[in-house]
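Letter by letter, the chains look like this.
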Amino acid sequence: MTVENIPELTPVSLQDEIETPVLSLTQLAWRRFRRHRMAVAGAVALVLLVLYCTAGSLFFTEDYANFNDLSIKLQAPSQEHPFGTDTIGRDILARTIYGGQISLLIGLTAMLVEIIVGVLIGAFTGYFGGWLDAVLMRMTEAVLIVPQIFLLLVMAKFFGGSIPDIHLFGRDFSGSVIVIILIIGLTAWPYTARIVRSQFLSIKENEFILAARANGASTWSIIFGHILPNSIAPIVVAATLGIANAITLEAYISFLGLGVRPPTATWGNMLEGAYNYIDQGIYWLWLFPGLLILLIVLAINFVGDGLRDALDPRSRAA
Amino acid sequence: MGRILEVKDLVTRFHTAEGTVYAVNGVSFHLDEGEPLAVVGESGCGKSVTMMSVLRLLPEPPAQIASGTAFFKGRDLLKMSEEVIEHDVRGREIAMVFQDPMTSLNPVLTIGYQIEESLKAHLDLEDEPARERAADLLAQVGIPESPKRLAAYPHQFSGGMRQRAMIAMALACEPSLLIADEPTTALDVTIQAQIVELMLELRQRRKLSLIWITHDLGVVAGLAERVLVMYAGYIVEEATVDDLYDRPQHPYTLALLAALPRVDRRRNQRLKSIPGAPPNLLVQPHGCPFAPRCEFAISRCRTENPGLTDVGPNHRIACWIDVRTRKQR
Numbered sequence: 000m001t002v003e004n005i006p007e008l009t010p011v012s013l014q015d016e017i018e019t020p021v022l023s024l025t026q027l028a029w030r031r032f033r034r035h036r037m038a039v040a041g042a043v044a045l046v047l048l049v050l051y052c053t054a055g056s057l058f059f060t061e062d063y064a065n066f067n068d069l070s071i072k073l074q075a076p077s078q079e080h081p082f083g084t085d086t087i088g089r090d091i092l093a094r095t096i097y098g099g100q101i102s103l104l105i106g107l108t109a110m111l112v113e114i115i116v117g118v119l120i121g122a123f124t125g126y127f128g129g130w131l132d133a134v135l136m137r138m139t140e141a142v143l144i145v146p147q148i149f150l151l152l153v154m155a156k157f158f159g160g161s162i163p164d165i166h167l168f169g170r171d172f173s174g175s176v177i178v179i180i181l182i183i184g185l186t187a188w189p190y191t192a193r194i195v196r197s198q199f200l201s202i203k204e205n206e207f208i209l210a211a212r213a214n215g216a217s218t219w220s221i222i223f224g225h226i227l228p229n230s231i232a233p234i235v236v237a238a239t240l241g242i243a244n245a246i247t248l249e250a251y252i253s254f255l256g257l258g259v260r261p262p263t264a265t266w267g268n269m270l271e272g273a274y275n276y277i278d279q280g281i282y283w284l285w286l287f288p289g290l291l292i293l294l295i296v297l298a299i300n301f302v303g304d305g306l307r308d309a310l311d312p313r314s315r316a317a
Numbered sequence: 000m001g002r003i004l005e006v007k008d009l010v011t012r013f014h015t016a017e018g019t020v021y022a023v024n025g026v027s028f029h030l031d032e033g034e035p036l037a038v039v040g041e042s043g044c045g046k047s048v049t050m051m052s053v054l055r056l057l058p059e060p061p062a063q064i065a066s067g068t069a070f071f072k073g074r075d076l077l078k079m080s081e082e083v084i085e086h087d088v089r090g091r092e093i094a095m096v097f098q099d100p101m102t103s104l105n106p107v108l109t110i111g112y113q114i115e116e117s118l119k120a121h122l123d124l125e126d127e128p129a130r131e132r133a134a135d136l137l138a139q140v141g142i143p144e145s146p147k148r149l150a151a152y153p154h155q156f157s158g159g160m161r162q163r164a165m166i167a168m169a170l171a172c173e174p175s176l177l178i179a180d181e182p183t184t185a186l187d188v189t190i191q192a193q194i195v196e197l198m199l200e201l202r203q204r205r206k207l208s209l210i211w212i213t214h215d216l217g218v219v220a221g222l223a224e225r226v227l228v229m230y231a232g233y234i235v236e237e238a239t240v241d242d243l244y245d246r247p248q249h250p251y252t253l254a255l256l257a258a259l260p261r262v263d264r265r266r267n268q269r270l271k272s273i274p275g276a277p278p279n280l281l282v283q284p285h286g287c288p289f290a291p292r293c294e295f296a297i298s299r300c301r302t303e304n305p306g307l308t309d310v311g312p313n314h315r316i317a318c319w320i321d322v323r324t325r326k327q328r
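Listed in order, the protein sequences are those of chains A and B.
Numbering follows numbering that gives the first Met the number 0, in which position 282 of the first sequence is assigned residue number 281; successive positions increment by one, without gaps.
Numbering follows numbering that gives the first Met the number 0, in which position 125 of the second sequence is assigned residue number 124; successive positions increment by one, without gaps.
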């Protein structure tokens, strides 16, 4: 090997200091999320489904969705009714659009109820410990040991007609929607509470919490300003999965006829009664709402999965 | 100069599943305004617990401050309500810098947020002035391009920068006393020197009282005027820096100094160590805690705790023996 073959080294300029762009944690998470193909597909599907439910209402009015004409009942998909008509002659396409709005509304708000209650209870039990922890966690376990479905059905039956219809945003909502939101939210929080509690238990032992206290941070700011942001990843994941869970649960109780009362459509109560017609080949009654539930639950679960990976500080792929 | 802090007979215990841990057993010391004080001792001797008891940072239970007083500017910190000490003292009057800058900054909050937080809480500053002040503080602790750095997260800082940021956080509200709990232990030697220098400079500029906890006797020399040596939850010697190095009187201090590596020692000479291990703090202390490891120990040492006694101006030790004559004093 001859010396001449060695290429001359380019001198490193001192001005070429590598400038690391300051990326916020959100930006880092977004980078990781983009790498998760299924999650991105799920997110796209989710956006499309939300568009379907919202933009769709520009083409049909709610009165049209609830308008029944027995003379055209059980019609197969056609030009005029692309998804066919149901047992009392309502247009299924329009009903999946308005039903989707209610299903999404229930999913989101039930999740909010679940997360707010779960985070508060989990945060206080985890942070303060002691008798507060003992009392609240026994309560949590009490809710947990009763199967959620059973609890839902009993509560749905018990509180079913207790809230009158309400008028909001120029629309009438069946009071049963509120009931369903509350009972789903109030039976699902124990899972979130346990996740948040375990997060708080471990994060509060960190030295940075001690340092924050030593520099005068109040208890309130320790809980909500220091520990909660550190446990946001599992909470976000629990929240997304909570939406999917709430949508399925709503479908479940509505299917059993205890959920949202007609004429307000939801994807769940559209399935109600469809099973009587399965063997007659009237597939359009259950196919479209069923497919939409399947799609949205799958999409949300993929997004949740992607978020779990993206928000996990230990996964360094970025 | 007036006393800024006067701690008397502080006793702190931890009630754990294995039994009671006797962590601090009647510690008394004082600090004058603007004075730098060093507290030395090996790991687990109660240095940090003493300071955390004074600031009431220990979780109670399991910790219990069994007795004592800690007067800070005329108010007893040990009798304050949590709300008062949180709002009036911690971060406002007394701030603390911790050992490991890697773990003492919140990883999901920006440096700026963490500095601004105490400015907002204690000085009621609005967003904009708080941000300006925070940038100014970062500049003061020697972080270049400080306005831009406020948006950075701790993981984007090096160890030395994080410790500088911690110091900026601690000094945000211009406290009158800064407790530094081994602030250089987790850093490498060159950075250590920088941090020590920074602290000394800030102390001088701001007329800050300083308590510097360390187990590195080498750091103490250039830093403090007075030193407390702690062992097993007791103060065993209190002296000026010069006295401590030139005329150490407690057998434990002697042993510690003998264990220091020296530049002028022959190369093949082994470092001297103190035989035995520190006492089990689960056992109720009786007698002198150092007696089992002490080469001067007499029978009285095992039954009676000597307590601190004056042996000279500004020099107190807790020992029955005069180490120069090897006789009971």
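Treat the hints as calculated values from the structure; they're not laboratory data.
Only a predicted model underlies this, so the values are computations on that prediction, with no experimental measurement involved.
In this text, a Cβ means the ideal position worked out from N, Cα and C, and glycines have one as well.
Among the hints, a few may not be true.
[Unchecked claim] With beta-carbon atoms standing in for the labels, derived distance ranges:
1) A:I144 / B:D8: 29 to 37 Å
2) B:L122 / A:R33: 35 to 43 Å
3) A:D311 / B:K119: 49 to 57 Å
4) A:I144 / B:R301: 52 to 60 Å
5) B:P128 / A:L200: 14 to 22 Å
[As the list claims (entries may be wrong)] In silico contact screen, one side only, chain B against chain A (beta carbon under 7 Å); selected entries:
6) G90
7) M95
8) P143
*asked:* Please check whether D311 (chain A) and K119 (chain B) have a Cβ separation lying inside 49 to 57 Å.
replied: violated (31 Å)
*Starting from the range 29 to 37 Å, see whether the pair I144 (chain A) and D8 (chain B) falls in it by beta-carbon distance.*
Given a distance of about 51 Å, which is not inside 29 to 37 Å, the answer is violated.
*asked:* Between the beta carbons of L122 (chain B) and R33 (chain A), is the distance compatible with 35 to 43 Å?
replied: Roughly 42 Å apart at Cβ, these two residues keep to the hinted range, so it holds.
_Status of the M95 (chain B) interface restraint (C-beta, 7 Å, chain A)_ = holds (4 Å)
_Can you verify the interface hint for P143 (chain B): is its Cβ closer than 7 Å to any Cβ in chain A?_
violated (12 Å)
*Indicate whether the distance between the beta carbons of P128 (chain B) and L200 (chain A) respects the range 14 to 22 Å.*
About 37 Å separates the Cβ atoms of P128 (chain B) and L200 (chain A), which means 14 to 22 Å is violated.
*Is the hint on G90 (chain B) kept, meaning its closest Cβ partner in chain A is under 7 Å away?*
Status holds, d = 3 Å.
*Could you see if the CB distance from I144 (chain A) to R301 (chain B) stays within 52 to 60 Å?*
holds (58 Å)
In summary, the numbered hints that this structure violates are 1, 3, 5 and 8.
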